[in-house]
Each structure stands twice: as C-alpha cells, then as structure tokens.
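A.B. asks: The primary structure of each chain is shown beneath.
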Amino acid sequence: AQSVAQPEDQVNVAEGNPLTVKCTYSVSGNPYLFWYVQYPNRGLQFLLKYITGDNLVKGSYGFEAEFNKSQTSFHLKKPSALVSDSALYFCAVIEPPGGYNKLIFGAGTRLAVHP
Amino acid sequence: NAGVMQNPRHLVRRRGQEARLRCSPMKGHSHVYWYRQLPEEGLKFMVYLQKENIIDESGMPKERFSAEFPKEGPSILRIQQVVRGDSAAYFCASSLDRGVEETQYFGPGTRLLVL
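Here the protein sequences come in this chain order: A and B. Heads up: the first sequence is residues 1 to 115, going by my numbering. Heads up: the second sequence is residues 1001 to 1115, going by my numbering.
The set of hints was computed from the structure by calculation and includes no laboratory data. Virtual Cβ for every residue (Gly too), placed ideally from N, Cα, C. Be aware that a few hints might be false.
[Unchecked claim] Non-contacting residues of chain B with respect to chain A, defined by C-beta distances greater than 10 Å in every case (computed):
1. Gly1016
2. Leu1043
3. Pro1061
4. Lys1062
5. Pro1070
6. Lys1071
7. Glu1101
[Said to hold, decoys possible] Computed footprint of chain A on chain B, listed as stretches where at least three residues anywhere in the stretch have a Cβ under 8 Å from a Cβ of chain A:
8. 1024-1035
9. 1053-1060
10. 1084-1098
One chain only, chain A, in its complex shape:
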C-alpha cells in the first residue's frame, strides 16, 4: 500500500538558517510527489511537485525539494528561513497509474521559525 512518512512532528529553526522538512514514501511504482503548506485555519497551498525529469524541483516562496529514488525521499528545503514560513507542511504522493488522482498525505510537520 502507498504511504508517506514525515518522521518529525515539529522542526525548529532560527530565522536566516537553512531548513529541511523530511519526507519518505513507499509506493510500488514511480511516484508523483507534492508539497503543500497549511497556515492556521486555512486551506492547503501548493508549493511544488515532482513528476519526472530533474531531481531538484524549485517551487513557491523560495522552497525546493530533491527527489532521491534510492532513498525514497523527497525532502523540502529552503536556504534561509523566514518567521513567516512557520506553518504546517504536508508531503503527498500519487502512485500512477492506478492511483488516479488520489493524494496520499503524510501526517504533517509543524515548522517553527524563531526570530
């Protein structure tokens, strides 16, 4: 069965430092991978996705993620964190072809960026 693991419930980072939010996945085929961010009492905002091609994907607000097939990982990164990046981050996967458009989400990682 497809699954997504976000091993850290919370990540704490000082403003200006680099940040990493970890994600690993388990699918039988080639995955489509996504990152979303959720601010309090808001919906999810799309950050970036990996479909095929270059393993390093650049997205919104300066975020990027690297697809690593051998480690089955898709970690989210940003070179310099902002206090406004504090939010809940979700990694998600779709497993084609049988996965249709069903996003399988991780449990989420809360990012706290301190001034």
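Following the hints, put chain B in place on chain A, whose structure we already have.
C.D. replies: Just chain B now, with coordinates in the frame of chain A:
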C-alpha cells in the same frame, strides 16, 4: 482570479442532523476532490468527481456520506445523521484536467462541529 470556494466555512450540527458542504471549483476546472482532516492528522482522500460522474469514491464511508457534482452548480458533500466522529475539517480541491500529474488546488475548508 477566484480560487476554490467552500461554504459554509464553519458549520455546527447536532447529532442526527444533516450537513451539506458546498464547493465551487476554480474557474475552468471540472475535476473536484474531497478530503477530510481529523484533528491533529493529515488529510484523507474521500471522493473524486467530474461533472455528473463519481470517478473514485474509495475513501467515502459506506453509510451516511454522499457526494455529487451536477452539471450546473457546486459540488455537494452530504452527511446524513451526523455523529460526533464526523467533526473534522472538510477540504475540497479542484484540478484542470484528469491527469495524475495535475496540481490540485485546495479551498479554505469547512469546519464541521457536531454537538
């Protein structure tokens, strides 16, 4: 450039009542998805619809829950005879096309509280 619209944003129901949640997709989008987020958990897929068709309802509870996306008007998620366990945030997403690589854009959610 309106995004995905959901209403109401908050809904309070007593046990045994019916809840109707509405979702208007982004302009030009004809694919709608419903997800449920229980407190402190990630989102779980419920159903995927196109206009007048249910494509995948594998995440829908077998009883009391139904969804539709008519030719005209918003998509409706209907919960009959609500119970306290139905209390959650319900998110709708839409996409332009049916390809699994298509980005799903989320609405702000409806927070259902069952008393």
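A.B. asks: Against this structure, judge whether each hint is valid.
C.D. replies: Hints, one by one, checked against the model:
1. Gly1016: 27 Å, holds
2. Leu1043: Leu1043(B) not clear of chain A: closest Cβ-Cβ about 5 Å, inside 10 Å.
3. Pro1061: Check passes; 16 Å lies beyond 10 Å.
4. Lys1062: Non-interface label stands for Lys1062(B): nearest chain A Cβ at 17 Å, farther than 10 Å.
5. Pro1070: Holds: least Cβ distance 20 Å, greater than 10 Å.
6. Lys1071: 21 Å, holds
7. Glu1101: 5 Å, violated
8. 1024-1035: holds (count 3)
9. 1053-1060: Answer holds; 4 residues pass the 8 Å Cβ test.
10. 1084-1098: holds (count 4)
In summary, the structure is inconsistent with hints 2 and 7 from the numbered list given earlier, while agreeing with the others.
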